[in-house]
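Colleague: Protein chains in written order, with the working numbering: chain A, 1 to 470; chain B, 1 to 253.
Take these hints with a grain of salt, some might be off.
To be verified - Okay, derived cross-link-like pairs now, SDA-like style, lysine to any residue, Cα gap no bigger than 20 Å in a straight line:
#	chain 1	residue 1	chain 2	residue 2
1	A	K71	A	R362
2	A	K414	B	H12
3	B	K58	B	E19
4	A	K414	B	Y90
5	A	K447	B	G231
6	B	K56	A	E387
7	B	K225	B	Y90
8	B	K56	A	V415
If you are wondering where the hints come from, they were derived from the structure by calculation, not from laboratory data.
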Amino acid sequence: MALKEQQLVDKDYKYGFRDTTESYSFKSRKGIDHEIVEQISQMKNEQQWMRDFRHRALDIFLAKPMPAWAKNPVLEAINFDDIYYYMRAADREGKTWEEVPEEIKRTFDRLGIPEAERKFLGGVTAQYDSEVVYHSIRKDLEAKGVLFSDMDAGLREHEDIVREHFATVIPPADNKFSALNSAVWSGGSFIWVPPGVRVDIPLQAYFRINAENMGQFERTLIIAEPGSFVHYIEGCTAPTYSSNSLHSAVVELIAKEGAHIRYTTIQNWYKNIYNLVTKRAVAHKNAHVEWVDGNIGSRLTMKYPSVYLVGEGARGEVLSIAYASEGQHQDAGAKMVHAAPNTTSIITSKSVSKGGGRTSYRGLVKVYEGCDGVRSNVRCDALLMDEASRSDTYPTMEVDAKDVRVEHEATVSKVGEEQLFYVMSRGLTEVEATTMIVNGFFEPFVKELPMEYAVELNRLIALEMEGSVG
Amino acid sequence: MADTILEVRDLHVTVGDNEIIRGIDLSIDRGTVHALMGPNGSGKSTLSLVLMGHPKYKVTQGDILFHGKSILELPPNERSLAGMFLAFQYPSAVPGVSVANFMRNTLMARHKGAAPLTPAKFKGLLDGAVSKLKMEPNVLGRYVNDGFSGGEKKRLEMLQMMVLQPALAILDETDSGLDIDALRIIAEGINAARSPEHTILLITHYQRILNYVTPDVVNVLIKGKIVKRGGPELAHELEARGYDPLIKELAVV
Numbered sequence: 001m002a003l004k005e006q007q008l009v010d011k012d013y014k015y016g017f018r019d020t021t022e023s024y025s026f027k028s029r030k031g032i033d034h035e036i037v038e039q040i041s042q043m044k045n046e047q048q049w050m051r052d053f054r055h056r057a058l059d060i061f062l063a064k065p066m067p068a069w070a071k072n073p074v075l076e077a078i079n080f081d082d083i084y085y086y087m088r089a090a091d092r093e094g095k096t097w098e099e100v101p102e103e104i105k106r107t108f109d110r111l112g113i114p115e116a117e118r119k120f121l122g123g124v125t126a127q128y129d130s131e132v133v134y135h136s137i138r139k140d141l142e143a144k145g146v147l148f149s150d151m152d153a154g155l156r157e158h159e160d161i162v163r164e165h166f167a168t169v170i171p172p173a174d175n176k177f178s179a180l181n182s183a184v185w186s187g188g189s190f191i192w193v194p195p196g197v198r199v200d201i202p203l204q205a206y207f208r209i210n211a212e213n214m215g216q217f218e219r220t221l222i223i224a225e226p227g228s229f230v231h232y233i234e235g236c237t238a239p240t241y242s243s244n245s246l247h248s249a250v251v252e253l254i255a256k257e258g259a260h261i262r263y264t265t266i267q268n269w270y271k272n273i274y275n276l277v278t279k280r281a282v283a284h285k286n287a288h289v290e291w292v293d294g295n296i297g298s299r300l301t302m303k304y305p306s307v308y309l310v311g312e313g314a315r316g317e318v319l320s321i322a323y324a325s326e327g328q329h330q331d332a333g334a335k336m337v338h339a340a341p342n343t344t345s346i347i348t349s350k351s352v353s354k355g356g357g358r359t360s361y362r363g364l365v366k367v368y369e370g371c372d373g374v375r376s377n378v379r380c381d382a383l384l385m386d387e388a389s390r391s392d393t394y395p396t397m398e399v400d401a402k403d404v405r406v407e408h409e410a411t412v413s414k415v416g417e418e419q420l421f422y423v424m425s426r427g428l429t430e431v432e433a434t435t436m437i438v439n440g441f442f443e444p445f446v447k448e449l450p451m452e453y454a455v456e457l458n459r460l461i462a463l464e465m466e467g468s469v470g
Numbered sequence: 001m002a003d004t005i006l007e008v009r010d011l012h013v014t015v016g017d018n019e020i021i022r023g024i025d026l027s028i029d030r031g032t033v034h035a036l037m038g039p040n041g042s043g044k045s046t047l048s049l050v051l052m053g054h055p056k057y058k059v060t061q062g063d064i065l066f067h068g069k070s071i072l073e074l075p076p077n078e079r080s081l082a083g084m085f086l087a088f089q090y091p092s093a094v095p096g097v098s099v100a101n102f103m104r105n106t107l108m109a110r111h112k113g114a115a116p117l118t119p120a121k122f123k124g125l126l127d128g129a130v131s132k133l134k135m136e137p138n139v140l141g142r143y144v145n146d147g148f149s150g151g152e153k154k155r156l157e158m159l160q161m162m163v164l165q166p167a168l169a170i171l172d173e174t175d176s177g178l179d180i181d182a183l184r185i186i187a188e189g190i191n192a193a194r195s196p197e198h199t200i201l202l203i204t205h206y207q208r209i210l211n212y213v214t215p216d217v218v219n220v221l222i223k224g225k226i227v228k229r230g231g232p233e234l235a236h237e238l239e240a241r242g243y244d245p246l247i248k249e250l251a252v253v
């Protein structure tokens with residue numbers, strides 16, 4: 001069984017190389033307790049308030065049960081004592097590309113990061129295990145006063161901004177995994193955009209997990225001051241390992257009056273990764289928040305990007321895709337909480353299940369009393385590639401206001417014999433035809449991506465389809 | 001015989017437990033236009049789908065030869081690359097895939113290992129077909145058959161035929177549900193394709209399109225068998241008298 005899984009993985013996973021990096025300068029022992037948390041905070045030389053915050057969060061984590069609603073045996077199987085919670089690959093962060101260790105550069109080379117940078121990166125934050133090893137900010141961003149760094153540096157250098165906003169959107173007690181992240185977080189991105197500033201180039205970061213049983217707990221905080229705009233992109237890949245790894249990030253977005261934040265994710269974790277992420281945004285008056293969220297890999301993903309619409313006229317959008325093949329479960333969705341009048345939200349969720357894979361849409365639209373003029377539209381489309389695959393929808397609507405328009409539409413379809421025959425009759429092989437149909441299904445998502453991500457995603461789908469047929 | 005492009009020998013086809021094609025023999029010469037006429041439920045559409053290799057239908061007896069070689073074992077895509085084309089009666093939608101992208105992929109499938117068309121030539125080819133078929137230029141950016149009207153779907157089938165230039169085109173009820181102007185445009189498309197390099201099997205219920213496209217041979221299919229074969233005059237006879245006299249005649253036999 002284990003052997004079979006390994007073979008499957010080696011064949012299918014194109015980023016499945018394994019680095020020889022063993023020069024981890026610090027590696028905590030396995031398991032989690034106050035001693036480990038203290039060690040992490042000391043290593044980072046953190047302020048007392050953050051140290052206290054971590055310890056409080058750990059108590060919450062230890063006390064909280066697993067989310068009961070999930071009822072997921074895969075989730076219950078996580079052994080928290082068998083995970084490393086902190087590791088640092090480089091002794092210090094590289095200020096320039098030249099300073100980044102060669103071994104790490106080779107890993108990034110294979111992921112194409114330097115190439116991407118040459119093209120159009122505004123700034124790169126590449127996270128290698130827990131610590132950010134390379135980080136550059138373009139001069140014009142600096143000139144505009146935009147702050148973009150890893151979270152640890154953000155805390156050191158801009159403590160006042162961080163302290164004012166950190167964990168205000170997602171408190172440690174929100175859920176078991178946000179508590180865990182709060183206790184052991186390391187890395188992630190910190191972005192602050194001054195009032196009225198538009199960041200025209202997407203800011204990007206790459207994450208990967210590279211140590212067996214390595215938990216990765218990055219923490220991202222984006223603050224868009226009134227009237228500003230920023231687009232942040234994260235793309236994830238992870239190398240091949242046979243035992244389970246845990247990825248549990250917390251991402252907080254704050255869009256102040258009239259600000260606009262777009263957050264794009266392409267997640268292609270290796271198929272043994274638990275990807276349990278809490279993502280939430282607060283949208284103030286007339287602010288606009290978009291989550292563009294693609295989940296391709298991992299063993300189990302549980303992720304429900306949320307927008308709390310707290311100011312009149314705020315807009316929230318979630319556009320997500322999920323792809324699950326053999327042994328994978330993508331439990332994804334979105335939450336829109338309308339806490340002010342005349343707020344609008346759109347949720348578009350598209351999922352493909354293949355080879356026994358499972359996708360679930362889990363969503364919430366909540367409208368508080370007195371929030372008249374709310375409009376919300378939810379659309380979930382699921383595509384099943386075969387009989388063995390599964391898709392479920394768990395939508396929840398809680399509407400306590402009167403003058404609202406909330407719509408929900410869900411479809412489940414199969415790749416039809418007729419559709420496949422039609423495309424094949426024009427000269428495409430079964431794999432090519434299936435790839436075309438699935439890519440078409442994902443098109444509304446793909447067209448929102450920057451070009452190279454769109455190309456990569458189409459290629460990933462093609463690779464996945466090749467593995468499936470015949 | 002070297003000029004026979006398609007030969008159907010004693011073909012029997014079932015779907016589930018039903019035998020729908022019950023022994024068809026058909027020989028089509030290169031460069032000709034064959035009409036296949038018949039009432040509803042006679043097996044016309046089944047024959048067209050079987051020729052193209054639809055997996056739902058099972059050939060239980062007989063053979064299909066294209067350019068003298070049996071194609072029974074070939075999947076639909078290989079039949080397409082060999083030069084066959086089916087204009088569907090009910091074309092499927094492919095949401096999210098633009099007509100231009102779809103056509104690029106179909107052409108790429110034909111250029112494996114060879115130099116593909118330049119973007120300019122590709123655009124010229126599509127634009128030419130769009131204009132000949134009097135379609136809206138924005139059709140190239142629309143998703144394949146997604147939200148298309150009946151007439152738009154039929155024209156898109158014709159557009160694909162014009163771009164792919166198949167040696168044998170099977171047109172399954174391409175004329176049905178069209179108004180007279182659309183019918184004329186489709187017929188012009190067929191006539192334009194008519195040449196020694198292009199053979200056409202025109203499947204139709206009505207004689208109407210045969211006013212614009214004169215067939216070399218007319219075959220009449222009833223209850224899974226070809227019961228009569230003749231020249232263009234046979235189509236007119238059927239138009240005047242309907243299929244009933246033929247059906248009655250058969251029942252007597």
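Colleague: Each hint: holds or not?
Modeller: Okay, the hints, checked on the actual structure:
For the proposed pair A/K71 and A/R362, the alpha carbon gap of about 13 Å is at most 20 Å, so the pair holds. Pair hint A/K414 plus B/H12 does not hold up; C-alpha atoms about 30 Å apart against a cutoff of 20 Å. Note on B/K58 and B/E19: the hinted pairing holds, with a Cα-Cα distance of about 9 Å set against a maximum of 20 Å. Proximity of A/K414 to B/Y90 is assessed by CA-CA distance (about 18 Å); at most 20 Å being required, the pair is judged to hold.
The suggested pairing of A/K447 with B/G231 is violated, with an alpha-carbon distance near 53 Å, which exceeds 20 Å. Annotation: proposed proximity of B/K56 to A/E387 holds, straight-line Cα distance about 17 Å (limit 20 Å). About 23 Å separates the Cα atoms of B/K225 and B/Y90, which puts this hinted pair outside 20 Å; it is violated. Taken as a hint, the B/K56 and A/V415 pair is honoured in the structure, with Cα atoms around 15 Å apart against an allowance of 20 Å.
Hints 2, 5, 7 from the list above are not met by this structure, while the remaining hints are.
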